[in-house]
Amino acid sequence: MRIADGFQVTASIDRVNLHDHTLAADLQLHVSFPMPAQDPHLPHRIEAHVRAAGVEAQRCLFRALMEKADHQVVLDIRDGDQGQGIQLRGTRPYTFITPFGTVTIDRIRVCHRADGRAEIPSHTAWDTPKQVALTRGLRDAICDEMLAHSAGRSQTDLGDRADEEDLIARSTVLNVVHQEGAELLAAQHRRATAALEEHPEARAVLLPMPPADADADADADADESPVPAGQPVPLSTVIPVGFPGAAAAAAVAADEPRSVDPGMVLVELDEVKTKAQATTGRKQLLTDTALVLVGGLQDLLAAGTSEGVFEQLAGLVCRLDVLDGTRRLLVLADGASWIRTWFEGLGLAGKTMIVCWYHVTKRCYEDLSGAGFAKERREEISRHLLGLLWEGKVEEAIAWLRGCRDEARKPDWIDGLIGYLEKRRTYLPNYKARQEAGLWIASTRVEKFNDWSISQRCKWRGMSWTPQGVVALAVLEAARRNGELDEWRHDRTLPDWKLPPKPLKRAG
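Taking the numbering used here, the leading residue of the sequence shown gets 1057, the next gets one more, and so forth.
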């Protein structure tokens, strides 16, 4: 390979040997270029030449090793059909697109003497596409680029890295990301299904049917205790700090990190909106996400539907000893109706939900602003209202709002805020007590994951998306942050969830 400034590189393979299932190759690399000027640019110029030489060496080595593997496949089938042997019929070129460029190899074509059937043995053995194959390394590189950059930028970066401007098309970048996301999502579904099948009672308890479809018998079954006869007695009912009847908790320093309530599995749920492409027939797309915290471990989940994320969540939760009451479920979310409907249908004893404090304050601010109070009066009402809610005095807060209703120019905004609080009154604890105890009061971790995986990537001006694209980025980012992406790429199966030690049960 020669480029304009006099740089020249030649890579060649003297021989490739296969012995005891071990490939060995001797690579010769010759590089020459004019000596750069002794100035601050010298290290960068030499670095560029070394990188270009490395790309050429990778292509040469890949070609030689693949052709050796092709020859070995032919040797393995040399007896042919019915043991009558084969006859060589020349070679056919085949193209691989790799992270270091396009590489064409010659593959041997044979004819079986038994019936005259012709084939390319390596095509059958490697299950390659008919014309061009994108290597696994390139597909992974495409996904890594797309997690941070646009499709056009990813296409350019990959081409620059391989010193090949037209390495792949922009449409190929998008198709690969969609395919990889769909395969990873399917693997997550299989993992959740396997966990649920190990616990036959889990689906009825953790995946409640929608109210319109559920019958009385199903509801009755879901309310029954999932603990089989003869099992140890589960933990006594533990009431999370901040709710009526909870034991007092010792205060912790304000700079200490938040912690999960003892004996609890904390689940944070959220939904992210992105602008939809016109071809989807929608204005916006919804991606559902969840985060599970227990025993110092964290798992992130993502799916294109609430049913999908609930299934993944159910599979993980049933592995965390929630079904038998060893641990209790604590949900922290914005209190949206789809979350409340799911939560209220769960057949778990001792379940608890907390509405995220940030969303409570946001809703109060929005509705009080829309009610048309004078600025000073609005600020006074807001301070008093949030002060009551901060200490868990929900009934007093609702009564205070009713007393202020007649002062509003638009009282329907106050009615809406009262309705919001009434629907969520059982999920509004004493936030002050929880904060002083160093416990979670806001769903900040799942919100931050949404920023990393979707908002910071998919909400730039002019961007619009398909469901496959947004979900692919979300599930890939979740797998990466869970530490599962490398294993998935290596053998195309997801590892089992990392589980904390099982806590000891004590009689209630």
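Among the hints, a few may not be true.
As the list claims (entries may be wrong) - No farther apart than 20 Å at their CA atoms in a straight line, the calculated lysine to aspartate or glutamate pairs in the EDC-like style are these:
(1) Lys1515 x Glu1503
(2) Lys1449 x Glu1492
(3) Lys1124 x Asp1162
(4) Lys1449 x Glu1432
(5) Lys1329 x Asp1507
(6) Lys1186 x Glu1221
(7) Lys1124 x Asp1076
(8) Lys1466 x Glu1422
(9) Lys1479 x Asp1542
(10) Lys1431 x Glu1447
(11) Lys1329 x Asp1380
(12) Lys1479 x Asp1507
Unchecked claim - Have a look at the derived ranges for each label pair, beta carbon to beta carbon:
(13) Thr1066 x Glu1543: 23 to 31 Å
(14) Gly1146 x Pro1185: 17 to 25 Å
(15) Arg1226 x His1100: 53 to 61 Å
(16) Thr1212 x Thr1160: 38 to 46 Å
These are computed hints drawn from the structure, not numbers from a lab. These numbers were taken from a predicted model, which means no experiment stands behind them. No residue lacks a Cβ here, since even glycine has one placed at the ideal position from N, Cα and C.
Taking the hints in turn, this is what the structure says about them:
{"no.": "1", "hint": "Lys1515 x Glu1503", "in the structure": "holds (15 Å)"}
{"no.": "2", "hint": "Lys1449 x Glu1492", "in the structure": "holds (17 Å)"}
{"no.": "3", "hint": "Lys1124 x Asp1162", "in the structure": "holds (10 Å)"}
{"no.": "4", "hint": "Lys1449 x Glu1432", "in the structure": "violated (23 Å)"}
{"no.": "5", "hint": "Lys1329 x Asp1507", "in the structure": "holds (11 Å)"}
{"no.": "6", "hint": "Lys1186 x Glu1221", "in the structure": "violated (24 Å)"}
{"no.": "7", "hint": "Lys1124 x Asp1076", "in the structure": "holds (14 Å)"}
{"no.": "8", "hint": "Lys1466 x Glu1422", "in the structure": "holds (13 Å)"}
{"no.": "9", "hint": "Lys1479 x Asp1542", "in the structure": "violated (44 Å)"}
{"no.": "10", "hint": "Lys1431 x Glu1447", "in the structure": "violated (25 Å)"}
{"no.": "11", "hint": "Lys1329 x Asp1380", "in the structure": "violated (36 Å)"}
{"no.": "12", "hint": "Lys1479 x Asp1507", "in the structure": "violated (28 Å)"}
{"no.": "13", "hint": "Thr1066 x Glu1543: 23 to 31 Å", "in the structure": "violated (39 Å)"}
{"no.": "14", "hint": "Gly1146 x Pro1185: 17 to 25 Å", "in the structure": "holds (21 Å)"}
{"no.": "15", "hint": "Arg1226 x His1100: 53 to 61 Å", "in the structure": "violated (29 Å)"}
{"no.": "16", "hint": "Thr1212 x Thr1160: 38 to 46 Å", "in the structure": "violated (23 Å)"}
The structure shown violates the earlier hints numbered 4, 6, 9, 10, 11, 12, 13, 15 and 16.
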